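Student: Sequence:
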Amino acid sequence: MEFKRHIVHIDLDSFFVSVERKFNPSLIGKPVLIGGSADRGVVASCSYEARKFGIHSAMPMKTAMRLCPHAIIVRGTHGRYGEASREVTQIIHDTVPLYQKTSVDEFYIDLTGMDRFYDCYKFAGELRQKVIKTTGLPISFGLSSGKTVSKMATNQAKPNGQLFVPHGKEKEFLAPLSIRKIPMLGEKTCQKLYAYGIEKIGDLQKVNLKFLEAVFGKAGLFIYEKAHGIDHSEIIPHSDRKSISTEHTFNTNVSEQRTLETILISMTEELAGKLRRENKVASCLAIKVRYANFETHTIQEKIPLTAAEHILLPGVKNLLKKAWNGHRPIRLIGVKLSNLCTGSYQINLFEDNEERIKLYQAMDRINFKFGDKTICRAAGMEIGTRNFNPFLRD
Numbered sequence: 008m009e010f011k012r013h014i015v016h017i018d019l020d021s022f023f024v025s026v027e028r029k030f031n032p033s034l035i036g037k038p039v040l041i042g043g044s045a046d047r048g049v050v051a052s053c054s055y056e057a058r059k060f061g062i063h064s065a066m067p068m069k070t071a072m073r074l075c076p077h078a079i080i081v082r083g084t085h086g087r088y089g090e091a092s093r094e095v096t097q098i099i100h101d102t103v104p105l106y107q108k109t110s111v112d113e114f115y116i117d118l119t120g121m122d123r124f125y126d127c128y129k130f131a132g133e134l135r136q137k138v139i140k141t142t143g144l145p146i147s148f149g150l151s152s153g154k155t156v157s158k159m160a161t162n163q164a165k166p167n168g169q170l171f172v173p174h175g176k177e178k179e180f181l182a183p184l185s186i187r188k189i190p191m192l193g194e195k196t197c198q199k200l201y202a203y204g205i206e207k208i209g210d211l212q213k214v215n216l217k218f219l220e221a222v223f224g225k226a227g228l229f230i231y232e233k234a235h236g237i238d239h240s241e242i243i244p245h246s247d248r249k250s251i252s253t254e255h256t257f258n259t260n261v262s263e264q265r266t267l268e269t270i271l272i273s274m275t276e277e278l279a280g281k282l283r284r285e286n287k288v289a290s291c292l293a294i295k296v297r298y299a300n301f302e303t304h305t306i307q308e309k310i311p312l313t314a315a316e317h318i319l320l321p322g323v324k325n326l327l328k329k330a331w332n333g334h335r336p337i338r339l340i341g342v343k344l345s346n347l348c349t350g351s352y353q354i355n356l357f358e359d360n361e362e363r364i365k366l367y368q369a370m371d372r373i374n375f376k377f378g379d380k381t382i383c384r385a386a387g388m389e390i391g392t393r394n395f396n397p398f399l400r401d
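Quick note on my numbering: the sequence shown kicks off at 8 and runs consecutively.
For the record, the hints were derived by calculation from the structure and aren't laboratory data.
No experiment lies behind these values; they were computed from the predicted model shown.
Hints may be right or wrong, so weigh each one.
[To be verified] Think about it this way: if two alpha-carbon atoms lie no more than 35 Å apart in a straight line, the pair counts; the simulated DSBU-like pairs of lysine-lysine are:
1) K195 - K178
2) K199 - K217
3) K69 - K188
4) K295 - K343
5) K287 - K129
Starting from the given sequences, assemble the full structure and let the hints guide the process.
Tutor: Listed below in structure tokens is the structure:
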């Protein structure tokens, strides 16, 4: 006998804004922008009141302020978001049998089989209320037979609501929604569909699969299944790697600070690039120091959720000062980024400007195409998978 699947998608509403409002209730009900400076910063997150003016994340703060001059800008408080995410994760971990954390504020929960003992919608509703009562943060969820429909149900339930799409009613729920509501459907694909007069998911449901495959190739099946609410993807428990690290052993013991910092910069840069490629961020930074007599010390600290070198490098240098007295020769040095979770680059937008974001994106594109270290900081050329310095002749 095959069980009916019961998949919950649960998402904290305007997470960064909600966390800030918890510490400053005067922000409630007002258009709030979380991000960098008003002149060169970008919007990391915004309240629903601000979204009514057409503001969205990653928008230049200057543009946002033109759209809504009375908006309140709040600089991001990194530590608060990590702590709030951990608190919600712990509640979910202690309550449900199987879950997948897909970002700092988003989870999928598999309640399949529990319908023999519980009303799954009621169970999910009680979990939502528990999160709200314990953390003071608004949260929404959608429940259906698959991940895609549940995520879309959550988006329809926001802000601070819940929605159940019964089995067999998936197509009916999706039909009146815009094709833009389908997760992972890009702008170019939408424009192509618009050209054929397809605007609503209901229009898309009437289209033949062979036509979609002829127009979109392999993506045709993906589009067809999403429009029909078909999604067999499993909930993968959070068992992927929790850390990423690298270390370097010197040919001769080193006691020169500049050399040590150069190696640390190079290793940190490489690890950060790998995190960004995997769409992950870290909230703990550590360095390892092994002396000539093999005595080994590891020191770590909590950091903002990030995968950006300009945030990581000052932390690495600071840990070196704490771990090393500045005299003893070092045999090996290493860097470790841990407490990893999925998270888009928006988490780093709090203190970034457009130029820096574009720089990271350009660096990542070039390094992905031509190999690590094709472009990097001058101090980071010493080691890496490319292991060459383009400014030195053979």
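Student: Below or equal to 35 Å on CA atoms is what counts here, so check K287 against K129.
Tutor: Judged against 35 Å, a Cα distance of about 33 Å means the pair holds.
Student: Just to be careful, I want the Cα atoms of K69 and K188 compared with a cutoff of 35 Å; is the pair within it?
Tutor: Since the Cα atoms of K69 and K188 sit roughly 28 Å apart, the hinted pair holds (cutoff 35 Å).
Student: Holds or violated: K199 and K217, Cα atoms, limit 35 Å.
Tutor: 16 Å, holds
Student: So if I understand the rule, the pair passes when the alpha-carbon distance is 35 Å or less; does K295 with K343 pass?
Tutor: 8 Å, holds
Student: Next pair to validate is K195 with K178; report whether the Cα-Cα distance is within 35 Å.
Tutor: 24 Å, holds
Going down the numbered hints, you'll see the structure goes against none, and every one checks out.
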